[in-house]
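Asker: Spelled out, the chains give:
Number of protein chains: 2
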Amino acid sequence: MMASGFAYAHRFANGLPAPAPRWTGFPKYNFIGGHNDREHVPAAELAAAAETVLRRDGADLALYNPHGPQGFRGIREFVVAKVKTRGITCTPDDVLITSGSGQGLDLVNRILLNRGDTVILEEFTYGGALTKLQRLGVNVIGAPLDDDGLRIDALGRILDDLQQKSVVPKFIYTIPTVQNPTGSILPVDRREALLALAKKHEVPIFEDECYADLTWNPAAPAAIYSIDSSQVIHIGSFSKTLSPALRLGYVVADWTVMSRLVGLKRELDSGTGALEQMVVAEYFSRSFEEHVGELTGVLKEKLDTMVDALEREFGTAVEKMWRPKGGIFLWIKLPDRIDVTKLVAPAANEGLVFNPGPEWSCNPAETKSHMRLCFALPSKETIREGIATLARVCWEQTGIPERSANIRRAPAAG
Amino acid sequence: MMASGFAYAHRFANGLPAPAPRWTGFPKYNFIGGHNDREHVPAAELAAAAETVLRRDGADLALYNPHGPQGFRGIREFVVAKVKTRGITCTPDDVLITSGSGQGLDLVNRILLNRGDTVILEEFTYGGALTKLQRLGVNVIGAPLDDDGLRIDALGRILDDLQQKSVVPKFIYTIPTVQNPTGSILPVDRREALLALAKKHEVPIFEDECYADLTWNPAAPAAIYSIDSSQVIHIGSFSKTLSPALRLGYVVADWTVMSRLVGLKRELDSGTGALEQMVVAEYFSRSFEEHVGELTGVLKEKLDTMVDALEREFGTAVEKMWRPKGGIFLWIKLPDRIDVTKLVAPAANEGLVFNPGPEWSCNPAETKSHMRLCFALPSKETIREGIATLARVCWEQTGIPERSANIRRAPAAG
Numbered sequence: 001m002m003a004s005g006f007a008y009a010h011r012f013a014n015g016l017p018a019p020a021p022r023w024t025g026f027p028k029y030n031f032i033g034g035h036n037d038r039e040h041v042p043a044a045e046l047a048a049a050a051e052t053v054l055r056r057d058g059a060d061l062a063l064y065n066p067h068g069p070q071g072f073r074g075i076r077e078f079v080v081a082k083v084k085t086r087g088i089t090c091t092p093d094d095v096l097i098t099s100g101s102g103q104g105l106d107l108v109n110r111i112l113l114n115r116g117d118t119v120i121l122e123e124f125t126y127g128g129a130l131t132k133l134q135r136l137g138v139n140v141i142g143a144p145l146d147d148d149g150l151r152i153d154a155l156g157r158i159l160d161d162l163q164q165k166s167v168v169p170k171f172i173y174t175i176p177t178v179q180n181p182t183g184s185i186l187p188v189d190r191r192e193a194l195l196a197l198a199k200k201h202e203v204p205i206f207e208d209e210c211y212a213d214l215t216w217n218p219a220a221p222a223a224i225y226s227i228d229s230s231q232v233i234h235i236g237s238f239s240k241t242l243s244p245a246l247r248l249g250y251v252v253a254d255w256t257v258m259s260r261l262v263g264l265k266r267e268l269d270s271g272t273g274a275l276e277q278m279v280v281a282e283y284f285s286r287s288f289e290e291h292v293g294e295l296t297g298v299l300k301e302k303l304d305t306m307v308d309a310l311e312r313e314f315g316t317a318v319e320k321m322w323r324p325k326g327g328i329f330l331w332i333k334l335p336d337r338i339d340v341t342k343l344v345a346p347a348a349n350e351g352l353v354f355n356p357g358p359e360w361s362c363n364p365a366e367t368k369s370h371m372r373l374c375f376a377l378p379s380k381e382t383i384r385e386g387i388a389t390l391a392r393v394c395w396e397q398t399g400i401p402e403r404s405a406n407i408r409r410a411p412a413a414g
Numbered sequence: 001m002m003a004s005g006f007a008y009a010h011r012f013a014n015g016l017p018a019p020a021p022r023w024t025g026f027p028k029y030n031f032i033g034g035h036n037d038r039e040h041v042p043a044a045e046l047a048a049a050a051e052t053v054l055r056r057d058g059a060d061l062a063l064y065n066p067h068g069p070q071g072f073r074g075i076r077e078f079v080v081a082k083v084k085t086r087g088i089t090c091t092p093d094d095v096l097i098t099s100g101s102g103q104g105l106d107l108v109n110r111i112l113l114n115r116g117d118t119v120i121l122e123e124f125t126y127g128g129a130l131t132k133l134q135r136l137g138v139n140v141i142g143a144p145l146d147d148d149g150l151r152i153d154a155l156g157r158i159l160d161d162l163q164q165k166s167v168v169p170k171f172i173y174t175i176p177t178v179q180n181p182t183g184s185i186l187p188v189d190r191r192e193a194l195l196a197l198a199k200k201h202e203v204p205i206f207e208d209e210c211y212a213d214l215t216w217n218p219a220a221p222a223a224i225y226s227i228d229s230s231q232v233i234h235i236g237s238f239s240k241t242l243s244p245a246l247r248l249g250y251v252v253a254d255w256t257v258m259s260r261l262v263g264l265k266r267e268l269d270s271g272t273g274a275l276e277q278m279v280v281a282e283y284f285s286r287s288f289e290e291h292v293g294e295l296t297g298v299l300k301e302k303l304d305t306m307v308d309a310l311e312r313e314f315g316t317a318v319e320k321m322w323r324p325k326g327g328i329f330l331w332i333k334l335p336d337r338i339d340v341t342k343l344v345a346p347a348a349n350e351g352l353v354f355n356p357g358p359e360w361s362c363n364p365a366e367t368k369s370h371m372r373l374c375f376a377l378p379s380k381e382t383i384r385e386g387i388a389t390l391a392r393v394c395w396e397q398t399g400i401p402e403r404s405a406n407i408r409r410a411p412a413a414g
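Going down the list, the protein sequences come from chains R and V.
One point on numbering: in this note's numbering, the residue at position 241 of the first sequence is 241, and numbering is uninterrupted.
One point on numbering: in this note's numbering, the residue at position 333 of the second sequence is 333, and numbering is uninterrupted.
Isolated chain R (complex conformation) (with noise of 0.2 Å):
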């Protein structure tokens, strides 16, 4: 099957991606992607869940859209309850129901952007987002982090200055709560500076809080939609607090901006999967505290323990580690005369992926020393296997971190 008897090769579209190579399984030490712990999937739970709902409403899977455009009602109503504990007061009309935060992504930028336009993210941020904009030919602005988030001296010189050049940026993008890789919760007065900036300059907040329900101490500030529903855009995702095989995201936005995001979604697709969206508002409407807490002891443990194998594996080597304050990620700068790019290859070969710092940054030249490792999926044990054969890979192609070849051959003991 291998050799196509027909010529396609001159067939095909321009600027297509790559052709996928085959599939070949999972790295052992797979420190990419949203994935998540596999003994935290609530499967019993989620069977009764989908008994309960396919005996109640199975026969409204033979329609499309049984209840409109926008998604299942009860699942609706659930994120209606669920960002009110993020400070929001809306109704089910101002959500969306997206087939993954991803969907919500590109919905957003179709509705605004246009080839050429221009918008301003956080100087670290998801990959995903860097490389939808990349597609659709904008002009991507990096404001400066620092620990606690978006710098809005930073952000502020930023917009003065495309004022001056009377450009108006379409939005700024930002993750403000546990950030995108740097796991940062922006403070309370920050997002009203942050706000009243972007009013100023009469420039849309586009808020992605995918990563907000999985804190380590559940009193984050409330989400920037809560202080003036009109300029802001939010999403959220369910991949991180149950599933990302799920494919459930959601948006949150006024009439004015939802009519054009449902009139685009029913564009694009026939709507979003059913069974999925009953079977998470079933389950989650009875136990989502009771599961996020459990899932965020876990994911706060594994975080602790690549914590402790980077500092025994690394030591000063790792000059920052971003300690993030939620999530299933952790970001961290070796030094500057290590380019992370350069290990992508001789870790593979053992087995080992991560996410390089140029993909998860506006300006990927200033971060060939940075990397994103994510926790949520290897159990602890290969978590620290994996940071050991990560160090020995480091040290073969770099020399650093500096210890000898004899311990950083062996994996270090549980």
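Because the hints were derived from the structure by calculation, they are not lab data.
Yeah, the Cβ is synthetic: ideal placement off N, Cα and C, and Gly gets one too.
One should not assume that every hint holds.
Claimed, not checked - What follows is a list of derived Cβ distance ranges for each label pair:
{"#": "1", "chain 1": "V", "residue 1": "Lys-342", "chain 2": "R", "residue 2": "Ala-18", "range": "44 to 54 Å"}
{"#": "2", "chain 1": "V", "residue 1": "Val-188", "chain 2": "R", "residue 2": "Ala-7", "range": "25 to 35 Å"}
{"#": "3", "chain 1": "R", "residue 1": "Glu-77", "chain 2": "V", "residue 2": "Lys-342", "range": "36 to 46 Å"}
{"#": "4", "chain 1": "R", "residue 1": "Glu-77", "chain 2": "V", "residue 2": "Ala-18", "range": "19 to 29 Å"}
{"#": "5", "chain 1": "R", "residue 1": "Ser-379", "chain 2": "V", "residue 2": "Arg-73", "range": "19 to 29 Å"}
{"#": "6", "chain 1": "R", "residue 1": "Thr-316", "chain 2": "V", "residue 2": "Arg-115", "range": "51 to 61 Å"}
{"#": "7", "chain 1": "R", "residue 1": "Arg-135", "chain 2": "V", "residue 2": "Asp-93", "range": "21 to 31 Å"}
{"#": "8", "chain 1": "R", "residue 1": "Glu-39", "chain 2": "V", "residue 2": "Asp-93", "range": "25 to 35 Å"}
Said to hold, decoys possible - Taking lysine to any residue and the SDA-like style, the derived pairs with C-alpha atoms no more than 25 Å apart in a straight line are:
{"#": "9", "chain 1": "R", "residue 1": "Lys-368", "chain 2": "R", "residue 2": "Pro-358"}
{"#": "10", "chain 1": "R", "residue 1": "Lys-200", "chain 2": "V", "residue 2": "Tyr-8"}
{"#": "11", "chain 1": "V", "residue 1": "Lys-132", "chain 2": "R", "residue 2": "Pro-69"}
{"#": "12", "chain 1": "V", "residue 1": "Lys-132", "chain 2": "R", "residue 2": "Pro-17"}
{"#": "13", "chain 1": "V", "residue 1": "Lys-165", "chain 2": "R", "residue 2": "Arg-11"}
Claimed, not checked - Reference listing, derived: stretches of chain R covered by chain V, where coverage requires no fewer than 3 residues with Cβ under 8 Å from a Cβ of chain V:
{"#": "14", "region": "14 to 24"}
{"#": "15", "region": "54 to 60"}
{"#": "16", "region": "263 to 274"}
Knowing the structure of chain R, use the given hints to seat chain V on it.
Answerer: Relative to chain R, chain V alone:
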């Protein structure tokens, strides 16, 4: 929440679809869309399947694309078994699971089409396919149909004519088995002749078998893909056989094409919903033939009810009725002086919706007296009442069908 405090109007992208209206529920007489029979969603069996798969494989939901980007192994294995009944021999590596067959259309279009390209469709064809091609800026040529589907002689002339103009069409899109909207089944000799023409002119065939499982007579000719897998791309769906709300379809293609489809899908989304793939694989692996056998029996009865009602209410005013050999829709032609697009609004006022012919045609201006009526969702009683209502609206607007106003107003008894 109606008014926005922020002036988005100047910020929206160019060329967006119109804002969606607020959803107000389904019309009473719903003769559009691929909805299915509410009483024949196998809810209890799906619940049992969900229980089985979640207890067995639930931990897999912790990962994006747990069995790789082509979809869950179990459902790809089921597709392999299912398309074998259509004469196709393939492996799970030749199968891509998509978010509905609509995503299959999008992916195939996008790997092959550039703006300005030419494609050949059947003169009457799936409205969604036409909409997608219009959005891509592609030239559409409609090839004539008769009661058995594509007319090979006419298609040959179209291809010769294009060749003289040095235009190489990018594909021939055909729905050979339960054609949408005419319900015909292309005979085996025409399938072979179609492929011979495609080979002569070096044009791929894009074969859409969304409705092929729902035939009144199970012995439809084998899929065109079964004759030549290298020059044919084959798509199908679980929307019609099980549930449109589940958003599950598939593409079968050889690796030259598949690797491009997978590369593109990976860039566009993060996989298709996994729970739905798992549940459908589990249920259909045991019960496909039984379920589809029962469903087609129900659909045939509803079709007969609709045909009876049309004959009773419209008489000879239905100038032509394409009696479908399977599926969920009926394509009819009213007298030339009826423009069905002018019936849309008055019918909607009576709670009745249908697909006007121009939306399902490559030559809209020539199809103003045609309409498509879907019969899977409404009950037989609703079908009878709805067709009587349609006849009354039509008479009020056009004086056709010619019967007394009195009779027009009384819905036919069951």
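Asker: With reference to the structure, classify each hint as holding or not holding.
Answerer: For each hint, the structure was consulted:
1. For the hinted restraint 44 to 54 Å between V:Lys-342 and R:Ala-18, the CB-CB distance of approximately 50 Å keeps it satisfied.
2. Our hint of 25 to 35 Å for V:Val-188 and R:Ala-7 holds, since their Cβ atoms are close to 27 Å apart.
3. Under the hint 36 to 46 Å, the C-beta atoms of R:Glu-77 and V:Lys-342, about 40 Å apart, fit the expected range.
4. Between R:Glu-77 and V:Ala-18 the beta carbons are some 27 Å apart, a value that agrees with the proposed interval 19 to 29 Å.
5. At about 23 Å, the beta-carbon gap between R:Ser-379 and V:Arg-73 stays in the expected band of 19 to 29 Å.
6. The hint said 51 to 61 Å for the Cβ distance between R:Thr-316 and V:Arg-115, and at roughly 55 Å that hint holds.
7. The given range of 21 to 31 Å is respected by R:Arg-135 and V:Asp-93, whose C-beta atoms sit roughly 27 Å from each other.
8. Separated by about 30 Å at the C-beta atoms, R:Glu-39 and V:Asp-93 satisfy the suggested range of 25 to 35 Å.
9. Between R:Lys-368 and R:Pro-358, the direct Cα distance comes to roughly 6 Å. Compliance with the 25 Å bound is thereby established for this hinted pair.
10. Straight-line distance between C-alpha atoms of R:Lys-200 and V:Tyr-8 comes to about 15 Å, which keeps the hinted pair within the 25 Å bound.
11. A distance of roughly 19 Å separates the Cα atoms of V:Lys-132 and R:Pro-69; the hinted pair therefore holds under the 25 Å criterion.
12. With a C-alpha separation of about 20 Å, the suggested pairing of V:Lys-132 with R:Pro-17 holds against the 25 Å cut-off.
13. In summary, the hint linking V:Lys-165 to R:Arg-11 is supported, as the alpha carbons are separated by about 18 Å, within the 25 Å threshold.
14. Using a Cβ-Cβ cut-off of 8 Å, 9 residues of the region 14 to 24 of chain R lie near chain V, which meets the minimum of three, so the contact claim holds.
15. Check result for the region 54 to 60 of chain R against chain V: holds, 5 residues qualifying (beta carbon to beta carbon below 8 Å, three or more required).
16. A count of 10 residues in the region 263 to 274 of chain R with a Cβ less than 8 Å from any Cβ of chain V is obtained; the coverage claim is therefore met, three being the minimum.
This entry satisfies every hint, going by the numbered hints stated previously.
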